[in-house]
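J.: Sequence:
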Amino acid sequence: MIYRKWSLLTMPAVILSGLGAIVLTQNFVFGANEKFVQNIKQEGEMLRQQDRAKMALEKAA
Numbered sequence: 000m001i002y003r004k005w006s007l008l009t010m011p012a013v014i015l016s017g018l019g020a021i022v023l024t025q026n027f028v029f030g031a032n033e034k035f036v037q038n039i040k041q042e043g044e045m046l047r048q049q050d051r052a053k054m055a056l057e058k059a060a
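Mapping the sequence shown onto numbering that gives the first Met the number 0, position 39 (from 1) lands on 38, and the numbers just tick up by one.
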């Protein structure tokens, strides 16, 4: 049924690519990345607080 040798190698790549696309789509559609976004926001707030503290120390000196 399969006449070309390369088709044996391309079929798994096509299937894995399709599965990867499905997983990425589900992450965006169902909001699986909300935890990641929340962590980024927390880290950003922490860095802003550190910057404010450093600027306050520089003004006091």
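It is worth saying that the hints were derived from the structure and are not from the lab. C-beta: ideal position from N, C-alpha, C; glycine also. Among the clues, some could well be false.
Simulated DEER-style distance windows between Cβ atoms [to be verified]:
{"hint": "1", "residue 1": "ASN38", "residue 2": "LEU18", "range": "39 to 47 Å"}
{"hint": "2", "residue 1": "GLN48", "residue 2": "MET10", "range": "46 to 54 Å"}
{"hint": "3", "residue 1": "GLN49", "residue 2": "LEU23", "range": "53 to 61 Å"}
{"hint": "4", "residue 1": "PRO11", "residue 2": "LYS53", "range": "48 to 56 Å"}
{"hint": "5", "residue 1": "VAL13", "residue 2": "ARG47", "range": "27 to 35 Å"}
{"hint": "6", "residue 1": "GLU42", "residue 2": "VAL22", "range": "19 to 27 Å"}
{"hint": "7", "residue 1": "PRO11", "residue 2": "GLN48", "range": "31 to 39 Å"}
{"hint": "8", "residue 1": "VAL13", "residue 2": "ILE39", "range": "39 to 47 Å"}
{"hint": "9", "residue 1": "GLY17", "residue 2": "GLN37", "range": "51 to 59 Å"}
{"hint": "10", "residue 1": "ASN38", "residue 2": "GLY17", "range": "26 to 34 Å"}
{"hint": "11", "residue 1": "LEU18", "residue 2": "GLN41", "range": "54 to 62 Å"}
{"hint": "12", "residue 1": "ALA59", "residue 2": "PHE27", "range": "42 to 50 Å"}
{"hint": "13", "residue 1": "PRO11", "residue 2": "ALA52", "range": "36 to 44 Å"}
Straight-line C-alpha distance at most 30 Å; calculated BS3-like pairs for lysine-lysine [stated by the list, open to error]:
{"hint": "14", "residue 1": "LYS58", "residue 2": "LYS40"}
{"hint": "15", "residue 1": "LYS58", "residue 2": "LYS34"}
{"hint": "16", "residue 1": "LYS40", "residue 2": "LYS53"}
J.: Look at each hint and say if it fits the structure.
T.: Checked hints:
1. ASN38 <-> LEU18: 39 to 47 Å: violated, 26 Å
2. GLN48 <-> MET10: 46 to 54 Å: holds, 53 Å
3. GLN49 <-> LEU23: 53 to 61 Å: Violated - the Cβ-Cβ distance for GLN49 and LEU23, about 34 Å, lies outside 53 to 61 Å.
4. PRO11 <-> LYS53: 48 to 56 Å: holds, 53 Å
5. VAL13 <-> ARG47: 27 to 35 Å: violated, 46 Å
6. GLU42 <-> VAL22: 19 to 27 Å: The hint (19 to 27 Å, Cβ to Cβ) holds, given that GLU42 and VAL22 are roughly 25 Å apart.
7. PRO11 <-> GLN48: 31 to 39 Å: violated, 49 Å
8. VAL13 <-> ILE39: 39 to 47 Å: Given about 33 Å between the Cβ atoms, the range is violated.
9. GLY17 <-> GLN37: 51 to 59 Å: violated, 30 Å
10. ASN38 <-> GLY17: 26 to 34 Å: holds, 29 Å
11. LEU18 <-> GLN41: 54 to 62 Å: Taking Cβ atoms as reference, LEU18 and GLN41 lie about 32 Å apart, which means the hint is violated.
12. ALA59 <-> PHE27: 42 to 50 Å: holds, 46 Å
13. PRO11 <-> ALA52: 36 to 44 Å: violated, 53 Å
14. LYS58 <-> LYS40: holds, 27 Å
15. LYS58 <-> LYS34: violated, 36 Å
16. LYS40 <-> LYS53: holds, 20 Å
Consistency with the previously given hints fails for numbers 1, 3, 5, 7, 8, 9, 11, 13 and 15, ordered from lowest to highest.
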